[in-house]
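This is what each chain is made of:
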Amino acid sequence: MAPMSDVILETTNLAKSYSGVPVLTGISIQVRKGVVLGIIGENGAGKSTFIKCLNGMTEPSSGEIRFMGQAWGNCSVAGAIAEGLVTIPQEFNLVNDLNVYENLFLGHELRTPLGLLDRRRMRRRAAELLAELEADIPPDQLVGSLGVAEKQMVEIAKALTSPCRLLIMDEPTTVLNQNEVATLFKVMRRLKESGVSILYISHKLKEVKTICDEVVVLRDGQFISHDPIDALDEAEMARRMVGRELHQMFPPKVSPAPDAQVVLDVRHLTVPGVLEDVTFSLRQGEILGFAGLVGSGRTELAETLYGIRKATAGTVEFFGRPGRFSSPQEALKAGLAYLSEDRQGTGILTEFPLAANVTLASLKAYCHPFIRKKEEAAKAESYIEKFRIKTDSLQTQLKNLSGGNQQKVSIAKNLDTSPRLFIFDEPTRGIDINAKSEVYAFIRELVSTGVSCILISSDLEEVLGLCERIAVMRGGRLAGILEGEKLTDEEIMYLATGVKG
Amino acid sequence: MKNTPLSGRRRGVMDLLSEYGPYIALALLLLVCMVSSPAFRKPQNLLNITRQISYSGMIAIGMTYVIIGGGIDLSVGSMLAFSGCIGIFAMNQVASPWGGVAVAFLATLLVGIAAGALNGLLVTAGKIPPFIVTLGTLSIFRSLSLYIANAGLVTSKNACYAQIGGLVWLGVPLPAWTLLLFTAIGTLFLTQTRTGRHICAVGSNERVARYAAIRTNWVKFQTYVIAGALAGFSAFLLGGRLNSLSSTTAGLNYELDAIAATIIGGTAMSGGKGSIVGTLAGALILGIVSNVLDMWGVSVNLQGTVKGIVIIIAVLIQRQK
Numbered sequence: 001m002a003p004m005s006d007v008i009l010e011t012t013n014l015a016k017s018y019s020g021v022p023v024l025t026g027i028s029i030q031v032r033k034g035v036v037l038g039i040i041g042e043n044g045a046g047k048s049t050f051i052k053c054l055n056g057m058t059e060p061s062s063g064e065i066r067f068m069g070q071a072w073g074n075c076s077v078a079g080a081i082a083e084g085l086v087t088i089p090q091e092f093n094l095v096n097d098l099n100v101y102e103n104l105f106l107g108h109e110l111r112t113p114l115g116l117l118d119r120r121r122m123r124r125r126a127a128e129l130l131a132e133l134e135a136d137i138p139p140d141q142l143v144g145s146l147g148v149a150e151k152q153m154v155e156i157a158k159a160l161t162s163p164c165r166l167l168i169m170d171e172p173t174t175v176l177n178q179n180e181v182a183t184l185f186k187v188m189r190r191l192k193e194s195g196v197s198i199l200y201i202s203h204k205l206k207e208v209k210t211i212c213d214e215v216v217v218l219r220d221g222q223f224i225s226h227d228p229i230d231a232l233d234e235a236e237m238a239r240r241m242v243g244r245e246l247h248q249m250f251p252p253k254v255s256p257a258p259d260a261q262v263v264l265d266v267r268h269l270t271v272p273g274v275l276e277d278v279t280f281s282l283r284q285g286e287i288l289g290f291a292g293l294v295g296s297g298r299t300e301l302a303e304t305l306y307g308i309r310k311a312t313a314g315t316v317e318f319f320g321r322p323g324r325f326s327s328p329q330e331a332l333k334a335g336l337a338y339l340s341e342d343r344q345g346t347g348i349l350t351e352f353p354l355a356a357n358v359t360l361a362s363l364k365a366y367c368h369p370f371i372r373k374k375e376e377a378a379k380a381e382s383y384i385e386k387f388r389i390k391t392d393s394l395q396t397q398l399k400n401l402s403g404g405n406q407q408k409v410s411i412a413k414n415l416d417t418s419p420r421l422f423i424f425d426e427p428t429r430g431i432d433i434n435a436k437s438e439v440y441a442f443i444r445e446l447v448s449t450g451v452s453c454i455l456i457s458s459d460l461e462e463v464l465g466l467c468e469r470i471a472v473m474r475g476g477r478l479a480g481i482l483e484g485e486k487l488t489d490e491e492i493m494y495l496a497t498g499v500k501g
Numbered sequence: 502m503k504n505t506p507l508s509g510r511r512r513g514v515m516d517l518l519s520e521y522g523p524y525i526a527l528a529l530l531l532l533v534c535m536v537s538s539p540a541f542r543k544p545q546n547l548l549n550i551t552r553q554i555s556y557s558g559m560i561a562i563g564m565t566y567v568i569i570g571g572g573i574d575l576s577v578g579s580m581l582a583f584s585g586c587i588g589i590f591a592m593n594q595v596a597s598p599w600g601g602v603a604v605a606f607l608a609t610l611l612v613g614i615a616a617g618a619l620n621g622l623l624v625t626a627g628k629i630p631p632f633i634v635t636l637g638t639l640s641i642f643r644s645l646s647l648y649i650a651n652a653g654l655v656t657s658k659n660a661c662y663a664q665i666g667g668l669v670w671l672g673v674p675l676p677a678w679t680l681l682l683f684t685a686i687g688t689l690f691l692t693q694t695r696t697g698r699h700i701c702a703v704g705s706n707e708r709v710a711r712y713a714a715i716r717t718n719w720v721k722f723q724t725y726v727i728a729g730a731l732a733g734f735s736a737f738l739l740g741g742r743l744n745s746l747s748s749t750t751a752g753l754n755y756e757l758d759a760i761a762a763t764i765i766g767g768t769a770m771s772g773g774k775g776s777i778v779g780t781l782a783g784a785l786i787l788g789i790v791s792n793v794l795d796m797w798g799v800s801v802n803l804q805g806t807v808k809g810i811v812i813i814i815a816v817l818i819q820r821q822k
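In order, the protein sequences belong to chains A and B. Quick note, the first sequence lines up with residues 1 to 501 if you use our numbering. Quick note, the second sequence lines up with residues 502 to 822 if you use our numbering.
Just so you know, these hints were derived from the structure itself, not from any lab. Fair warning: there could be bad hints in the mix.
[What the hints assert, rightly or not] DEER-style ranges, computed between Cβ atoms:
| # | chain 1 | residue 1 | chain 2 | residue 2 | range |
| --- | --- | --- | --- | --- | --- |
| 1 | B | 805 | A | 385 | 49 to 59 Å |
| 2 | B | 670 | A | 96 | 54 to 64 Å |
| 3 | B | 774 | A | 115 | 37 to 47 Å |
| 4 | A | 82 | B | 540 | 51 to 61 Å |
| 5 | B | 627 | A | 267 | 46 to 56 Å |
| 6 | A | 112 | B | 749 | 51 to 61 Å |
| 7 | B | 805 | A | 115 | 30 to 40 Å |
| 8 | B | 627 | A | 73 | 32 to 42 Å |
| 9 | B | 540 | A | 78 | 45 to 55 Å |
| 10 | B | 692 | A | 274 | 36 to 46 Å |
| 11 | A | 449 | B | 618 | 23 to 33 Å |
| 12 | A | 322 | B | 749 | 51 to 61 Å |
[Claimed, not checked] A short, non-exhaustive set of chain B residues, derived as facing chain A with CB atoms under 10 Å:
| # | residue |
| --- | --- |
| 13 | 628 |
| 14 | 692 |
| 15 | 711 |
| 16 | 716 |
C-beta atoms are modelled at their ideal positions from N, C-alpha and C, and glycine is treated no differently.
This is chain A alone, in the form it adopts within the complex:
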């Protein structure tokens, strides 16, 4: 064991309950100086709650935290940052109306001796930080105009503006591509060498294996293990997270019947500045994958089909009828459901109870003319059972559910509209392995009942595992549709980037 002086953070029997329900029990962990410690666990395992206890977002119900040898009674986020405990949150925490350098120094602006803002110094420092991250972002650009990956880089740079001893990264790579992840890892190694410790929370076991020195497994709010990374392989990590043998991740593929009708026929669909001449079709019972880089137009395509964006040219036929919907109401009525990629921004109402979220899009069926709350509750119960949603009650606000459970509610909400075509946009983003395989099994089950699916995903393994045909987008255009033996990582990346190898 390391000498005590080496330990910069130590928790003893840390526990947290929300309205009497324990979500974290008896967590005792030590973090040593200059170590990257991975924390893995399924959704609802308590990872986020653990972090919130550390960084002052919430107060532990019991237990002790010692940071730098001091008992950690500090319960404010600002206080934690002042002590050198900095968190890069999973959800962005940036002000869209300010530019990059203003965001980086928000709350601890540099000043001239006269007390005025020292914009020049902030700009220069921002440029240095971004250069270290190899992020090509001008310090003067408005954050609102940045893409998600760029925002992530800004978020990371922001964490590095204040001197930090312990950096907490909550799922930092969700929206980054492989190159950006590699850069991030380079930065992490450099921080490590300078003596900074890092808590790295991720679902991506491969990444944990690559970057972490030690790994802690949490399951159901309890501490399971703490080992050097070399002691565990990915399969063992997954086993410990789930607590049982993992079955095969992807269900067997099934092709649509040879005579299956074409349910969606899109021709030359164009949205100025977003989509250019997109043509494809989809048959009943098929899962058509959409791959491509972030910003390649996949989500925009889905939003156009769903009636949120207006197409200026092209035709859409939906079950043999004109299907260029001008509003989500029309789309939904015709039988098109869209699970959006931004769960908290467009998918669920975090302040609403679970039952009301489930019936949000299908409420009409429960009104005669008053809402039949019993019917609503029964339906919500049936989804809780079907998707194994973990919740205290039907009245629990969704903000108290873990990401995976929120996602299941979001799927239930769409499913309750009885769709004929279901568009899944990043259905497994930010959810754990177990929930992932449940989502896959569900998609598979859905197509076997004759529903057709479009699966948009940045996770290549996912599209390759589920789809027999994959459309690849690049810069708002359809770069190609792959099938048969062309279904490989390399072919997809080639089409997505336009660069071979």
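Once you have looked at the hints, place chain B on chain A.
Chain B only, in chain A's frame:
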């Protein structure tokens, strides 16, 4: 310093306080006033309070919808004056007394609805922030009332109109009954119907609502129309009570009372959730406070200070969440 565990009991009390806060406060206030002041507990005084709060109370119900839907309506007071003045104006053109009352009723209500629809249209189709839209119409409706009434009174020439305003049933004045009725209907509408649920959804997160195929603009539009209709209805009863309406003072600052009642009643300014019964409690609290202050002989000029303190305390308690 050790990490002190937060006692479960304290958290429970705070939760209870913020959920039932308005009702607890109302009960305490009533109790204290009843015990301490014989003049207060006289039935006539209590009935006076219910009458006094009825007019702005009905407006507060409309305001509650608007605020839950994520908006605000500053124009309701001016709208009351405007619709009321036009109503009485129209009534005076009709010879038949009861026919005149019917005309006044319809005209006031329709003008209220139209004015609300104008607000709703500017907010939704015009994409102008509700604060700005209704600040503008606040000025417009008041100015139009002043113009048509020459900045004076619009007096009813109808023999029957005043009877409406003075109607009492089971000892309780008509406006108090309608306030109760609207509270009941309003609660039913908010909690048991699709539109009510949609108003909460739009106020909670408009983008999520839009992606869930809710017609967000239509939903928001309706909240302003409801607010307008209730302002019109209130104007009809207030005009009947006084047999006239002053274009300068009718409905003056009612928007502030309505917003205050809504907030004290526990509706979040950020929208998404709220309660009509809570708003009724908020209106009653405001009414009782100003009644008691009157009785104690506290200067009218100081009453605004007390009202302001009540509002701020109410929000402070809700913030404890």
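Comparing the hints with the structure gives:
{"no.": "1", "hint": "805(B) x 385(A): 49 to 59 Å", "verdict": "56 Å, holds"}
{"no.": "2", "hint": "670(B) x 96(A): 54 to 64 Å", "verdict": "56 Å, holds"}
{"no.": "3", "hint": "774(B) x 115(A): 37 to 47 Å", "verdict": "43 Å, holds"}
{"no.": "4", "hint": "82(A) x 540(B): 51 to 61 Å", "verdict": "57 Å, holds"}
{"no.": "5", "hint": "627(B) x 267(A): 46 to 56 Å", "verdict": "36 Å, violated"}
{"no.": "6", "hint": "112(A) x 749(B): 51 to 61 Å", "verdict": "53 Å, holds"}
{"no.": "7", "hint": "805(B) x 115(A): 30 to 40 Å", "verdict": "38 Å, holds"}
{"no.": "8", "hint": "627(B) x 73(A): 32 to 42 Å", "verdict": "52 Å, violated"}
{"no.": "9", "hint": "540(B) x 78(A): 45 to 55 Å", "verdict": "52 Å, holds"}
{"no.": "10", "hint": "692(B) x 274(A): 36 to 46 Å", "verdict": "40 Å, holds"}
{"no.": "11", "hint": "449(A) x 618(B): 23 to 33 Å", "verdict": "45 Å, violated"}
{"no.": "12", "hint": "322(A) x 749(B): 51 to 61 Å", "verdict": "58 Å, holds"}
{"no.": "13", "hint": "628", "verdict": "16 Å, violated"}
{"no.": "14", "hint": "692", "verdict": "8 Å, holds"}
{"no.": "15", "hint": "711", "verdict": "7 Å, holds"}
{"no.": "16", "hint": "716", "verdict": "6 Å, holds"}
Checked against the numbered hints above, the structure violates hints 5, 8, 11 and 13; every other hint is satisfied.
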